[in-house]
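A.B. asks: Given next are the chains, with one letter for each unit.
There are 2 protein chains.
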Amino acid sequence: MIAELDDRDGARLIGPLPTQDASIIIENLESDDAADLLGSIKEEQAEAILEQLPSRDRDELTELLTYHEESAGGIMATEPISAPVDATVGEVIELLRSLAEEMEDVYNVYLVDKTGRLEGKASLKELILAQPGQKAAEVMDREFPRVNVGMDREEVAGIFARYNLASAPVVDDNGQFLGRITHDDILDVMTEEVHEDIAYLTGQSEFDPGERSLYRNLRLRLPWLLLGLLGGLAAATLIAHFEPQLARLTPLIFFLPLVAAMGGNAGIQTSSLMVRGLATGDIGDYGLTARLARELVTALLTGSICGGATFGITYFWRSDLVLAVVVSTSLLAVIVLAAIIGALIPLMLKRFGLDPALATGPFITTTNDIFGLFIYLGIATLVLSKL
Amino acid sequence: MIAELDDRDGARLIGPLPTQDASIIIENLESDDAADLLGSIKEEQAEAILEQLPSRDRDELTELLTYHEESAGGIMATEPISAPVDATVGEVIELLRSLAEEMEDVYNVYLVDKTGRLEGKASLKELILAQPGQKAAEVMDREFPRVNVGMDREEVAGIFARYNLASAPVVDDNGQFLGRITHDDILDVMTEEVHEDIAYLTGQSEFDPGERSLYRNLRLRLPWLLLGLLGGLAAATLIAHFEPQLARLTPLIFFLPLVAAMGGNAGIQTSSLMVRGLATGDIGDYGLTARLARELVTALLTGSICGGATFGITYFWRSDLVLAVVVSTSLLAVIVLAAIIGALIPLMLKRFGLDPALATGPFITTTNDIFGLFIYLGIATLVLSKL
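These protein sequence lines are chains A and B, in that order. The number in this note's numbering is simply the position in the first sequence, starting from 1, with 20 added. The number in this note's numbering is simply the position in the second sequence, starting from 1, with 20 added.
Treat the hints with caution; some may be incorrect.
[As the list claims (entries may be wrong)] Pairs of lysine to any residue residues, derived as SDA-like cross-links and limited to a Cα-Cα distance of at most 20 Å, are as follows: (1) A/Lys370 x B/Arg162; (2) A/Lys155 x B/Leu149; (3) B/Lys406 x B/Ala313; (4) B/Lys134 x B/Arg162; (5) B/Lys370 x A/Gly230; (6) B/Lys155 x A/Arg117; (7) B/Lys155 x A/Gly230; (8) A/Lys155 x B/Arg117.
[What the hints assert, rightly or not] Derived contacts from chain B toward chain A, CB cut-off under 8 Å, selection only: (9) Pro277; (10) Leu278; (11) Asp305.
Hints in this document: simulated from the structure, not taken from any laboratory. Glycine residues also receive a C-beta, built at the ideal position from the N, C-alpha and C atoms.
Input sequences plus hints: build the corresponding full structure.
C.D. replies: In structure tokens form, the structure reads like this:
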């Protein structure tokens, strides 16, 4: 049951237990779940628990804990679901029988040579349909997706989705078989990665629809609201700076929230697409220029349409040509600029090794708000100075 | 390969083919992929292809096409992966052997009685470890998750995640075995559902990071930008209505974008949490009142903190007590109202059978903008009238 809780709840449950009891629980978990749990409790407690474990489990877990939690190594299990490549089908089945207790889900048996190099895989279906006397090597596949232990877990999820995999073997740089990743790990990864993106998108440090603690609720949200507040106060000083222009053509005031909001709306469309596209691999180095060009043309078109509509409505409403020109050209400029910022910032963040998802949510929206207001008031100043 | 494309690309590929060739492709797909593909091409073409198929495949696909695409029936496959409950293990394996060509991934065999009622399941592991002469009924499980054909596919995904399933049987209301759903279908469902939510969140009709067509790019985004534009213009007329008050205390103008943006920021935090929580099942009828109360308290606290900070900064900046009071109390009121709207609208949408995810993105942000400005200018009017 503990395996199905998330790590934080699991840690909360296991934290107060005596080391003896905790180690029994850990011993009965699959190795990947056990490592995740040990990784999220206090270090001294984790070490005390490790000492109580049989030496094989201890070595396994110590190794798993060295991998980065967002890598393939961080989500793999090391249960020994491999057999010598020169075994017969009957021998492989015999081996499975001896492991049956320990393993819940078996989809494939991985066949390795004497040095532990992964040579092939045989699915249970293939084993069941073969004759017990046949060599396992005769029924095994040699060509199938394998995952390097250092691969990013989101990339691993992409491979599972592309090839509809139930499980995949994990190997090191020399092709040594290390463990396997199964479909349920991938479902967890997908949920976590997507919630991470939604968190940034909606201005929260973590996204947790199951959250019940008021304090945590506050801690996850307040910093982002304060960031937005800071941006809004910067916008206020910017507007104050342009007070004379606003006094000269007061209806300019009416459109302040519109201009700010449209920059935000257009920016988030582009940036969210870039961020998810970079995450899923739909957007890569190949064809990037063509894609950026397409985003720019989209922004020019939507900006022209929104600008045109605003020109008509504003002129009809206030019968003021100067006002209509300023508002509509600003809107076009703001939408185009927001798209450019929304497309480029995720790419820049990625280049600097940061999470592109930072370029969604309040951070980019606030930036777009301020740039938008600056453009609007700048254009207004320019036009008014020519009159 | 066609099975791995999304439906729209698959349809584009198969659309121009002669019926004869298309039907050969359809015949070789698994039934769920075939039904999805037929559902996304022109109806006449689909019917022409169906007529070319062997009658068993035709009946299967015709039935699959009757299920709603967002239900369990819409994602299940009907390959006959069942055996009579009184068969021996050897007979079940023999049956598998005869089906081996047709089926790619087998995880469980479902055991049914003479009327087709689902009685139990035997995993391949259990079959492999049993003696061929044993009755299948002896090694099968009787207690395991099964899915009703009409269940929402997102709920099905929740069951897969909770029990770490590789596959689950689908039954009708009488417990008749109809087909099975596998982990790869669930991965697709998760991706689609999450992209649906992100689309609404970021103001796009569909979310497709792989999109390459300019026209589609425009069509997915423009309606939402125009919706935002409409909201912004409504805000403009609202502000125009309060022109006398703004003339009396001009620095009120500086904070117009701040007040509008903070309502949007606070609202999206709450609404996105509600929407995903309703989708994943983390938020249900149980404990709903407590959760809503917690959201309200969070909003009161964040609102007070933001309001307090703004009071200090504004007063320090402009040395105007009236201004500082109006801006900071408005901010508190706006944040609390935005949280209430953000929590209640998803619940209302769900009650009326609409997608709660509509309550994220430009729709709710624009609503919050306008309400926020109305509160701000209303409080300003009230305070100014007392002076």
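A.B. asks: Any of the earlier hints contradicted here, and which numbers?
C.D. replies: Violated: hints 1, 3, 7, 11.
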